[in-house]
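From just these sequences and the hints, can you work out the full model?
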Amino acid sequence: MKNTWNIVHDCDLDDGTPTEWSLKIAENTFYWIDAMADFTFDVIDKDGHSVLKNCQSLASAKRWVTINLL
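Residues 0 to 69 (numbering that gives the first Met the number 0) make up the sequence shown, in order.
For the record, the hints were derived by calculation from the structure and aren't laboratory data. Do not rely on the hints blindly, as some may be mistaken.
Calculated cross-link-like contacts (lysine-lysine; reagent style DSS-like; alpha-carbon spacing at most 30 Å) [said to hold, decoys possible]:
hint : residue 1 : residue 2
1    : LYS23     : LYS61
2    : LYS23     : LYS52
3    : LYS1      : LYS23
4    : LYS1      : LYS52
Listed next, with one range per pair, are the computed distances between beta-carbon atoms [said to hold, decoys possible]:
hint : residue 1 : residue 2 : range
5    : LEU12     : SER56     : 15 to 21 Å
6    : LEU69     : ASP14     : 15 to 21 Å
7    : GLN55     : ASN27     : 28 to 34 Å
Glycine residues also receive a C-beta, built at the ideal position from the N, C-alpha and C atoms.
Given below as structure tokens:
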């Protein structure tokens, strides 16, 4: 089953650049990826606050979630 990450458009920059993605894993339960100012990507736990991993790219953050959390 392929994971579907969705852009959270409410968090886009003024120019439309996405900064946050979500992956629904159960009803009202999500993992998040946040783009950081240093051009890395934080994987955020289901609580919406705890950083689980900092990755160098969006692709590596998505891959990390697939390998380690799903």
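So, going through the hints one by one against the coordinates:
1. LYS23 x LYS61: This hinted pair holds, its Cα atoms lying about 13 Å apart.
2. LYS23 x LYS52: Judged against 30 Å, a Cα distance of about 18 Å means the pair holds.
3. LYS1 x LYS23: Roughly 12 Å separates the two Cα atoms, so the pair holds.
4. LYS1 x LYS52: Cα-Cα ~21 Å, so holds.
5. LEU12 x SER56: 15 to 21 Å: holds, 18 Å
6. LEU69 x ASP14: 15 to 21 Å: Check failed, 32 Å falls outside 15 to 21 Å.
7. GLN55 x ASN27: 28 to 34 Å: For ASN27 against GLN55, whose Cβ atoms are near 30 Å apart, the range 28 to 34 Å holds.
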